[in-house]
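Number of protein chains: 2
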Amino acid sequence: MPKVFFPDGKEIMVPQGTLVAEALQEADIEAWLPCGGQGYCGRCRVKLEGSLSLPTEVEQAHLSPGELAQGVRLSCQTRIEGDVRVLTLQSLTGAQILTGGGDLPAPALHGTPLLQRLEVKVKPPTVQDQRPDSERLEAALGGSYRIPLSILSRLPALLRERDFLVTAYASGDELLKLEPGKDHGPPYAVAVDLGTTTMVAYLWDLEKKRCLGTAAAGNPQAVCGDDVISRMVYAGDKEDGLFRLQALAVAGINGLVEELTAGTGVPAREIYQVTLVGNTCMQHLFLGIDPGCLGKAPYVPACRGPVITTAEHIGLNIYPRGIVEFLPNIAGFVGSDALAAAVAVNLAEKAGNTLLVDLGTNGELLLATRDGIFACSTAAGPAFEGAGISAGMRAVPGAIDKMYLGEGGLQWHVIGSLSPRGFCGSGLVDGLAGILDLGIMDASGRIKTPEETTDPGNRYIAPGDRGFDFCLDPEGQVRITQADVRKIQLAKGAVAAGMKTLLDHVGLRFQDLDQIILAGGFGNYLDINNAQQIGLIPQIPPERVHFAGNAAGTGAQMVLLSREIREKALGLTGKIRHLELAGTASFSQAFMEAMFFGPWN
Amino acid sequence: MPKVFFPDGKEIMVPQGTLVAEALQEADIEAWLPCGGQGYCGRCRVKLEGSLSLPTEVEQAHLSPGELAQGVRLSCQTRIEGDVRVLTLQSLTGAQILTGGGDLPAPALHGTPLLQRLEVKVKPPTVQDQRPDSERLEAALGGSYRIPLSILSRLPALLRERDFLVTAYASGDELLKLEPGKDHGPPYAVAVDLGTTTMVAYLWDLEKKRCLGTAAAGNPQAVCGDDVISRMVYAGDKEDGLFRLQALAVAGINGLVEELTAGTGVPAREIYQVTLVGNTCMQHLFLGIDPGCLGKAPYVPACRGPVITTAEHIGLNIYPRGIVEFLPNIAGFVGSDALAAAVAVNLAEKAGNTLLVDLGTNGELLLATRDGIFACSTAAGPAFEGAGISAGMRAVPGAIDKMYLGEGGLQWHVIGSLSPRGFCGSGLVDGLAGILDLGIMDASGRIKTPEETTDPGNRYIAPGDRGFDFCLDPEGQVRITQADVRKIQLAKGAVAAGMKTLLDHVGLRFQDLDQIILAGGFGNYLDINNAQQIGLIPQIPPERVHFAGNAAGTGAQMVLLSREIREKALGLTGKIRHLELAGTASFSQAFMEAMFFGPWN
Ligand code: FES
Ligand code: FES
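As they're listed, the protein sequences go chains A and B. Position one of the first sequence corresponds to residue 1 (our numbering), numbered consecutively onward. Position one of the second sequence corresponds to residue 1 (our numbering), numbered consecutively onward.
Derived from the structure by calculation, the hints contain no laboratory data. Be aware that a few hints might be false.
Note that identical chains are pooled: a pair holds if it fits in a single copy or bridges any two copies.
[Said to hold, decoys possible] Below 27 Å or equal to it, Euclidean Cα-Cα: the simulated DSSO-like pairs (lysine-lysine) are:
| # | residue 1 | residue 2 |
| --- | --- | --- |
| 1 | K448 | K350 |
| 2 | K123 | K575 |
| 3 | K487 | K568 |
| 4 | K123 | K296 |
| 5 | K121 | K296 |
| 6 | K350 | K3 |
Can you make the complete structure from the sequences, with help from the hints?
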């Protein structure tokens with residue numbers, strides 16, 4: 001029987017012809033089969049090598065020749081013919097929140113991280129060579145370092161304990177830890193994408209250049225408000241509001257770190273660096289910086305950053321003197337998450353006009369043109385993430401993630417092939433496109449009465465609290481209410497108006513866009529046609545629309561992995577020009593227009 | 001009646017012809033009259049301007065024409081003829097421990113301190129200018145600053161409280177404190193000379209360029225040992241020894257700060273910087289750095305420095321985030337005190353061969369030649385400071401500070417014209433020279449029996465615990481015992497052998513010395529002839545021997561006052577070449593020879 005080898009060293013035997021998905025199940029790995037293994041979603045990706053069935057037609061439809069050449073396969077389609085090694089499982093687990101956009105690009109993996117472990121033999125002193133211990137350590141390390149007093153005070157003993165053989169952990173020129181001898185652990189570090197709604201953390205072994213695990217959770221600040229505006233109000237109005245928001249963010253990240261260390265066995269005290277990205281408000285709140293002035297005209301942040309502090313100062317449960325770096329924001333609400341996304345997709349070096357859309361709770365737009373990069377942010381709100389929508393939910397089993405007009409009416413797909421419990425973001429977009437198409441809803445967003453519609457549309461209309469609701473069946477609870485439509489309309493309007501205003505500002509029409517890159521948890525699963533149909537994104541040929549996954553998280557990891565990429569990122573932040581939309585007449589006008597559902601024109 | 005104006009604003013009226021010393025008494029200023037106003041000591045110096053009596057012969061003997069031209073007078077000699085302004089009193093008060101060498105040189109007083117108060121109007125943001133608050137603050141401050149998170153977190157509120165008018169306190173590019181509005185206090189700072197035996201602190205208003213006060217005390221570490229060697233042993237052998245020594249040093253300096261703030265009304269929390277100098281062992285102990293390897297071959301310090309930390313980290317009771325900087329040591333035991341002394345006397349720019357001798361508990365020698373500056377240290381011990389000597393005491397009232405062979409035997413002078421209680425350092429040197437001259441003691445340091453001597457020598461010999469003692473009168477307690485002689489002999493031998501070895505090393509004879517500068521608490525009051533007579537310093541023409549007072553303290557203040565001088569000092573430390581004496585054959589040889597009393601040859 002063929003053997004299957006897993007990344008964690010586990011191996012199992014399975015009969016020839018076994019589906020990879022079955023083998024994963026056999027090995028107790030919770031395989032993610034969004035479409036229940038029907039070959040419909042194309043998301044059950046796994047990277048394999050060994051003796052496998054030839055790519056099916058379904059796989060060829062979902063995977064590019066390049067992906068196939070790299071060993072990427074769909075686990076519900078590929079059969080095991082002989083011994084097989086499973087290389088990465090990342091896309092198969094923890095998929096409720098999008099944690100990665102696949103493997104990191106080579107420059108990140110081949111770069112030199114800022115955080116390093118250095119095993120060195122220090123030259124012992126002699127009467128002829130009486131240099132101070134600190135200088136002989138620096139000579140061995142090959143550079144000038146800031147040695148904290150806590151290490152300096154024990155330096156003579158540390159050097160001499162193992163005959164001048166020591167292991168140093170340093171981030172840039174900051175010496176963080178010094179241990180006698182060698183055979184100490186590798187330098188672990190964590191990248192965090194601190195989103196308004198969700199937080200994702202990535203644990204890295206910076207020497208092996210291996211992501212050991214990812215963990216994701218909702219941002220616990222949500223109890224203080226769904227979006228940045230309500231959190232800023234909370235910080236300003238509640239007693240200790242800012243303090244509480246900071247504590248919640250820190251506790252949330254500590255929870256992710258705990259999950260990562262529990263899952264991998266990496267001791268938390270051996271994590272020496274945390275690099276964070278997030279929008280400007282998240283940055284302020286995490287650092288305990290008063291975001292008040294960010295929330296009212298003229299919308300100024302307290303700082304740009306990078307803000308560098310220590311774990312013990314901020315309260316993160318890693319190595320106490322470990323470095324905590326929040327990458328710099330760009331301007332206004334356009335934060336380091338947008339910067340990281342730009343880094344991840346290499347926006348600065350794109351040839352044509354490229355629009356990068358990070359569709360989080362706070363929609364951030366970056367437009368690269370030959371005249372430079374322009375940025376703006378729009379308060380999309382968490383509607384597209386399912387929050388605040390009556391039947392909204394994350395892309396977890398039970399969520400409708402696809403809906404389309406088929407024979408005999410609407411058809412939908414439920415994650416995990418369960419009975420539907422609600423809509424995730426992509427399902428909401430599909431749903432709105434569908435009911436627009438069916439004539440159930442007009443362009444102004446009003447859900448019509450059953451009398452105003454004809455079959456099959458009128459099957460999906462039921463009276464609601466305010467006007468009428470769209471529902472899968474009149475008795476069911478899975479509905480998009482009139483109030484839901486209004487919320488999505490505001491979000492859609494804000495994003496589309498942001499794009500329009502940004503394009504106007506640089507003198508481009510949407511037809512001039514060579515590429516749209518959609519990033520963020522929601523963007524990745526979007527049906528492009530439907531998104532264009534309701535006017536969320538402009539109507540350019542769909543093949544010019546690409547998905548970048550959680551580009552912010554990817555960028556944060558890249559910065560953690562390569563000091564060159566970090567330098568580039570820091571350099572980029574000052575070069576991006578920011579367009580403030582809030583309160584401008586042109587945005588207000590575009591917003592009014594973009595509230596209407598329908599393709600751009 | 002003429003008026004007398006004092007530096008603190010006080011003014012009094014005195015009859016014409018009043019002695020300055022009497023006027024001081026009148027004004028409740030405790031005037032220091034070491035020789036009781038007899039014109040013998042020349043130490044009751046004061047700087048005056050206005051209508052005064054012409055310099056007496058006594059004054060002309062004690063003061064150089066240059067000093068007289070600057071208004072320096074002896075208070076016990078000068079009479080008030082009309083209105084008079086008293087410019088400085090420094091040498092009149094707190095004189096038990098030498099705290100200053102007079103006024104600081106002009107480059108220090110005209111330099112720009114690293115620590116500054118900056119009152120700035122920050123440009124308020126507009127929709128056209130959305131730079132972050134931190135960047136607009138930096139633009140107003142005219143540079144790039146490290147803004148700690150504690151300030152950053154309140155930055156928006158701080159800027160807006162007084163309509164973008166703020167007062168910043170910064171040390172170099174470290175922003176220490178930011179206050180709304182103006183009219184906050186000046187930047188206060190303290191320079192500390194942390195000696196093995198004594199500590200001196202100087203409180204400065206860095207804007208007015210005024211030393212507001214000096215305070216001095218014994219180093220409380222003395223309870224753990226008199227010299228650096230015994231303290232290193234204590235640090236290494238006692239449980240928590242290092243910790244205790246650090247705590248003692250910090251507590252000692254806190255005591256000085258308390259005295260300074262109590263005496264001046266300056267709030268301790270408005271002192272933003274402390275700059276310290278001291279020998280390498282004092283540096284290590286103050287910073288809590290294990291000095292173990294400094295005490296045994298090959299005598300390597302843990303670090304050179306400068307070591308910069310914060311007040312709260314080290315435990316100094318000033319502004320918690322205030323900067324604490326220990327200036328860099330040179331090498332081995334030659335510490336930042338020697339560096340500061342070199343800065344104070346401008347050693348790097350001396351034309352001829354200049355030997356700077358800092359005669360503290362740890363004797364540090366710097367020799368400037370056309371080939372550069374060379375340094376070494378000798379463990380002189382605290383004998384010359386009166387410690388460990390049976391009748392040793394500091395130069396306070398009751399101490400014999402001068403002794404000479406007069407008609408009918410020895411004559412001595414007691415500080416404060418009291419009956420003698422003991423000897424201070426200069427008295428010990430005079431005493432030894434005297435008994436050598438009288439033939440009471442031979443060159444090997446043995447005190448002879450009364451039988452071996454003749455009148456008047458034999459009047460001063462009395463049986464002691466070990467052999468015979470030298471005593472002022474046979475019944476009295478004020479004696480130099482045989483054991484005392486041995487201790488002084490070791491100290492004298494160490495210093496003289498250090499000089500000899502250093503001169504040999506650079507290929508100079510003592511006759512090639514163009515100048516000897518004596519610094520340190522004890523050096524300043526030395527009788528040059530007697531010091532040469534016993535062989536403590538080489539016999540060059542006495543007019544080429546100069547006193548620099550507490551040059552280390554002066555240098556520390558200069559560094560505090562001028563970033564240019566600080567840069568020079570930091571640059572100098574690496575350029576001084578160090579000669580390790582301990583354990584070398586040439587030093588041992590020179591030491592054996594230098595134990596003998598008698599002039600150099
Ligand atoms: S294509 Fe494999 S699970 Fe959907
Ligand atoms: S000379 Fe004036 S007190 Fe001594």
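Within, between, both or neither, where K121 and K296 count as close if Cα-Cα is 27 Å or less: Classified as between: cross-chain Cα gap 22 Å, same-chain 56 Å, threshold 27 Å.
Within, between, both or neither, where K350 and K3 count as close if Cα-Cα is 27 Å or less: neither (43 Å within a copy, 83 Å between copies)
Up to 27 Å CA-CA - K296 versus K123, copy category: Answer is between; shortest inter-copy Cα gap is 17 Å, intra-copy 59 Å.
Status of K568 relative to K487 across identical chains (alpha carbons, at most 27 Å): Neither: 38 Å inside a chain and 66 Å across chains, both beyond 27 Å.
Status of K575 relative to K123 across identical chains (alpha carbons, at most 27 Å): between (45 Å within a copy, 22 Å between copies)
Intra- versus inter-subunit Cα pairing at 27 Å for K448 with K350: So K448 and K350 fail the 27 Å test inside a copy (44 Å) and across (97 Å) alike.
In terms of the numbered hints stated before, the structure departs from hints 1, 3, 6, listed from lowest to highest.
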